[in-house]
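So you can see what is in the structure, the chains are spelled out below.
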Amino acid sequence: MVASIFPLRIAGACVKRRGVQLIGPINLDLGSQGLTIVLGPNGSGKTSLLRLMHGLERPASGTINWACPDNEARSHQAYVFQTPTMMRRSVTDSISYALIVMGVARPTAREKAKEYATRVGLGHLLDCPAGVLSGGEKQKLAMARALIRQPQVLFLDEPCANLDGRATKEIEVILNDVRQQGTRIVMATHDLGQAKRLADDLLFMLNGCVREQGAAESFFADPQTAEAKAFLNGQIVE
Amino acid sequence: MNDLSQGLAEAIYRVATLDPELVDITLRSLQVTVTAVVIAAAIALPLGAWLAVTRFWARRYVIAVLNALMGLPPVVVGLIVYVMLSRSGPFGVLGLLFTPTAMIIAQVIIVTPLIASVAHQALRDLWSEYHDLLISLNTTKRQRIATLLWDGRRALLTACLAGFGRAIGEVGAIMIVGGNIDNVTRVLTTAIALETGKGNFSLALGLGFVLITLAIILNLLIHSLSRTERSNLW
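Protein chains in written order, with our numbering: chain W, 1 to 238; chain G, 1 to 234.
Hints may be right or wrong, so weigh each one.
Result set (DMTMM-like, lysine to aspartate or glutamate): computed pairs, CA atoms no more than 25 angstroms apart in a straight line [stated by the list, open to error]: (1) W/Lys114 to G/Asp151; (2) W/Lys112 to W/Glu137; (3) G/Lys141 to W/Glu217; (4) G/Lys141 to W/Glu57; (5) W/Lys114 to W/Glu137; (6) W/Lys16 to G/Glu129; (7) W/Lys169 to W/Glu238; (8) G/Lys141 to W/Asp70; (9) W/Lys196 to W/Asp127; (10) G/Lys141 to G/Glu129; (11) W/Lys114 to W/Glu57; (12) W/Lys112 to W/Asp127; (13) W/Lys16 to W/Glu57; (14) W/Lys114 to W/Asp127; (15) W/Lys196 to W/Glu217; (16) W/Lys16 to G/Asp132; (17) W/Lys114 to W/Asp70; (18) W/Lys112 to W/Glu57; (19) W/Lys196 to W/Glu212; (20) W/Lys196 to W/Glu172; (21) W/Lys112 to G/Asp3; (22) W/Lys16 to W/Asp70; (23) W/Lys196 to W/Asp177; (24) W/Lys112 to G/Asp19.
Treat the hints as calculated values from the structure; they're not laboratory data. Since we're looking at a predicted model, the values are computed, not measured.
Excised from the complex, chain W in its bound form:
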């Protein structure tokens, strides 16, 4: 039985790059259930917040703590980048790589990879080089590579930003399936429609700060801040 890495507690965390503060101070707790949407306009700090949670950014100040040591927590997380990195390998090898680096034997990892590739709809492209896949297929490959590790938490950074409606729908079906299996999902998006379709709870970010957080239903029905109201009304918020 794998111990839970939750809750995640972030206290007064700031992320700086070359002396410029990107986000912060951030204070939030993340429980083990549901799908959280990090919503906000471009440049509001959604990606930086996800990277901070996942450990790709170190806080310049403040603390970020999982319920277990960082290295152990990292092994139970997965991250899907906005522009997925395609390794110079076949679809099967790209997916199985995520297991092989965890110490799983290559034949077992490849079998699992084929299973996950089929699950995300890439079963007919197993031997295809990852680099030639379409945008939607690359995103599905990145999802399969993330899911094969059976993470406790899955971070997604605008996974549908460059996809058409059909590909977006396919990704959302996969996400709902993953959520039902108990994986915690934290996903950044600026797509209000997607946020409404998927979110259990929501973080609204602006200028590097969390302006509003809570249940998705109450956020959409009755936003508490003027900026959130303006954003929901389709106005340009800065």
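Here the structure of chain W is known, so what remains is to put chain G in place on it, guided by the hints.
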């Protein structure tokens, strides 16, 4: 012009008749160069990958020195290796001077910085592409290096071929440490130098054509075997 055509004819004749001396010299050239490149690659490729994924205070200086060593004068390398391997030198007891092994040592020293530097530049770009993914997957440094070496294999092959090109055409260092002894350390380049010195230009040119052809054939063979350029999908 006459020398050129005579040289070409000499080369064709010697190749067609499988001239024993030519075969012997050519095989020795290949033996020394391929061995040197394999050893140099075994050192340089992991070094290039390690430099790509590791950050430490002197990293910039190490890379600058490595780049500078690409232009290492072979004659100076030959001289240093000669001093080290001569009877009065620290490794004189090994009795390696004027042997193919001494030539391999000199070539490894010449070629390693070149392969490491070209490999580092290729893998640095790959690392910037893979950085977030490999950190996210919680890989160890050893796994990162192995991943870069495998996924960057096409670029690394080019690095090795550049090393091979430099080694097969090298004459200064191996002349000093090998001594150009007939049937022992004579290779294509030192034979060309010898024949040129003797005024035997047609034979020297003939050997030169063989050398060039050999280098091209080996490059094509390696590209063909590794399927480089056949697919640009990776």
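Verification of the hints:
1. The straight-line distance between the Cα atoms of W/Lys114 and G/Asp151 is roughly 20 angstroms, inside the 25 angstroms bound, and the hint therefore holds.
2. With a C-alpha separation of about 18 angstroms, the suggested pairing of W/Lys112 with W/Glu137 holds against the 25 angstroms cut-off.
3. A C-alpha spacing of about 44 angstroms is found between G/Lys141 and W/Glu217, which places the hinted pair above 25 angstroms, so the restraint is violated.
4. The straight-line distance between the Cα atoms of G/Lys141 and W/Glu57 is roughly 18 angstroms, inside the 25 angstroms bound, and the hint therefore holds.
5. About 15 angstroms separates the Cα atoms of W/Lys114 and W/Glu137, which keeps this hinted pair within 25 angstroms; it holds.
6. This hinted pair checks out: W/Lys16 and G/Glu129 have alpha carbons roughly 22 angstroms apart, not beyond 25 angstroms.
7. A hinted pair counts as satisfied when its Cα atoms are at most 25 angstroms apart, and W/Lys169 with W/Glu238 does not qualify at roughly 29 angstroms.
8. Straight-line distance between C-alpha atoms of G/Lys141 and W/Asp70 comes to about 17 angstroms, which keeps the hinted pair within the 25 angstroms bound.
9. In summary, the hint linking W/Lys196 to W/Asp127 is not supported, as the alpha carbons are separated by about 37 angstroms, beyond the 25 angstroms threshold.
10. A distance of roughly 16 angstroms separates the Cα atoms of G/Lys141 and G/Glu129; the hinted pair therefore holds under the 25 angstroms criterion.
11. Annotation: proposed proximity of W/Lys114 to W/Glu57 is violated, straight-line Cα distance about 32 angstroms (limit 25 angstroms).
12. Under the criterion of a C-alpha separation no larger than 25 angstroms, the hint pairing W/Lys112 with W/Asp127 is consistent with the structure, at around 14 angstroms.
13. Distance check on the hinted pair: W/Lys16 and W/Glu57 sit about 9 angstroms apart at the alpha-carbon level, within 25 angstroms; holds.
14. For the given pair, W/Lys114 sits about 10 angstroms from W/Asp127 by alpha-carbon distance, which is consistent with the 25 angstroms threshold.
15. Distance check on the hinted pair: W/Lys196 and W/Glu217 sit about 8 angstroms apart at the alpha-carbon level, within 25 angstroms; holds.
16. Proximity of W/Lys16 to G/Asp132 is assessed by CA-CA distance (about 18 angstroms); at most 25 angstroms being required, the pair is judged to hold.
17. Simply put, W/Lys114 and W/Asp70 have alpha-carbon atoms about 30 angstroms apart, too far for the 25 angstroms limit, and the pair is violated.
18. The suggested pairing of W/Lys112 with W/Glu57 is violated, with an alpha-carbon distance near 30 angstroms, which exceeds 25 angstroms.
19. About 16 angstroms separates the Cα atoms of W/Lys196 and W/Glu212, which keeps this hinted pair within 25 angstroms; it holds.
20. Restraint check: the Cα-Cα separation between W/Lys196 and W/Glu172 comes to about 12 angstroms, which is no more than 25 angstroms; the hinted pair holds.
21. Restraint check for W/Lys112 and G/Asp3: not satisfied, since their Cα atoms lie roughly 66 angstroms apart, outside the 25 angstroms limit.
22. A hinted pair counts as satisfied when its Cα atoms are at most 25 angstroms apart, and W/Lys16 with W/Asp70 qualifies at roughly 20 angstroms.
23. At roughly 17 angstroms between alpha-carbon atoms, W/Lys196 and W/Asp177 fall within 25 angstroms of each other, so this suggested pair holds.
24. The straight-line distance between the Cα atoms of W/Lys112 and G/Asp19 is roughly 58 angstroms, outside the 25 angstroms bound, and the hint therefore fails.
The earlier numbered hints that this structure contradicts are 3, 7, 9, 11, 17, 18, 21, 24.
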